[in-house]
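**Student:** Given only the sequences and the hints, what does the whole structure look like? Please build it.
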Amino acid sequence: MLVDVAKFCFIFILMISSFSIGLAQLYWYYDPYTPVCLAPEKCRQEPNAFSSIASSYLTLLWSLFSITKIEDTNVIEDHRLTQFVGSAMFITYHMTSIIVLLNMLIAMMSHSFQRVNDAADLEWKFHRTKLWMAHFDEGSSLPPPFNIIITPKAFYYFICSICNIARCIRGKYVRRVKSSTRATIRV
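First residue of the sequence shown: 1, per UniProt numbering; consecutive thereafter.
Just so you know, the hints here were simulated from the structure itself, not pulled from any lab data.
Hints may contain errors.
Computed spacing ranges between beta-carbons, pair by pair [unchecked claim]:
(1) Met-109 with Val-85: 48 to 58 Å
(2) Leu-58 with Thr-92: 16 to 26 Å
(3) Phe-65 with Ala-88: 13 to 23 Å
(4) Lys-130 with Ala-166: 31 to 41 Å
(5) Val-116 with Glu-77: 17 to 27 Å
(6) Val-3 with Ala-120: 16 to 26 Å
(7) Trp-124 with Lys-69: 47 to 57 Å
(8) Lys-172 with Ile-150: 25 to 35 Å
(9) Ser-52 with Thr-92: 14 to 24 Å
(10) Leu-61 with Val-85: 16 to 26 Å
(11) Ser-66 with Glu-123: 37 to 47 Å
(12) Leu-58 with Met-109: 23 to 33 Å
For each residue, glycine too, the CB sits at the ideal point set by N, CA and C.
**Tutor:** Structure follows, in structure tokens:
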């Protein structure tokens, strides 16, 4: 699933970068630090939502959480074509980011979950067999809690260990190396 999130983040960064660069190129002319005077007594500054690439990034990022407005694409001067193209780009960004990209992320995550869910039965069988093999090793013949009951095998091992201790005390003990021949599980 992390691969899906990384793919989504790469596509999202690519998309937000292209829209922020495009909107910054469209609004670079409208400098937010130079006041616009339509009349001698009415001087105002332009909104700086898309005046630079950094402010475009922030505006587009916060617009996903509905903190910005469509009026951020307006300019004080009467340039209707710039406002129309800016609004169209802003709406296109919203449609692609919210509708297309989020649905794509949901579909990618659902596909990953389905792959994991399909392999869950096989994984469960593998780990169950591995656990069983750990319990049915050479030392124990029963899984817990049944291994509390003394079995003939445990009694035999106890007698053998007492005999080995007696041989060791007499100095005639020869240690035997057990070879473990366990079957390997192949999936």
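**Student:** With reference to the structure, classify each hint as holding or not holding.
**Tutor:** Verification of the hints:
no., hint, result
1, Met-109 with Val-85: 48 to 58 Å, "violated (35 Å)"
2, Leu-58 with Thr-92: 16 to 26 Å, "holds (19 Å)"
3, Phe-65 with Ala-88: 13 to 23 Å, "holds (22 Å)"
4, Lys-130 with Ala-166: 31 to 41 Å, "holds (38 Å)"
5, Val-116 with Glu-77: 17 to 27 Å, "violated (56 Å)"
6, Val-3 with Ala-120: 16 to 26 Å, "holds (19 Å)"
7, Trp-124 with Lys-69: 47 to 57 Å, "holds (52 Å)"
8, Lys-172 with Ile-150: 25 to 35 Å, "holds (29 Å)"
9, Ser-52 with Thr-92: 14 to 24 Å, "holds (21 Å)"
10, Leu-61 with Val-85: 16 to 26 Å, "holds (21 Å)"
11, Ser-66 with Glu-123: 37 to 47 Å, "holds (42 Å)"
12, Leu-58 with Met-109: 23 to 33 Å, "holds (27 Å)"
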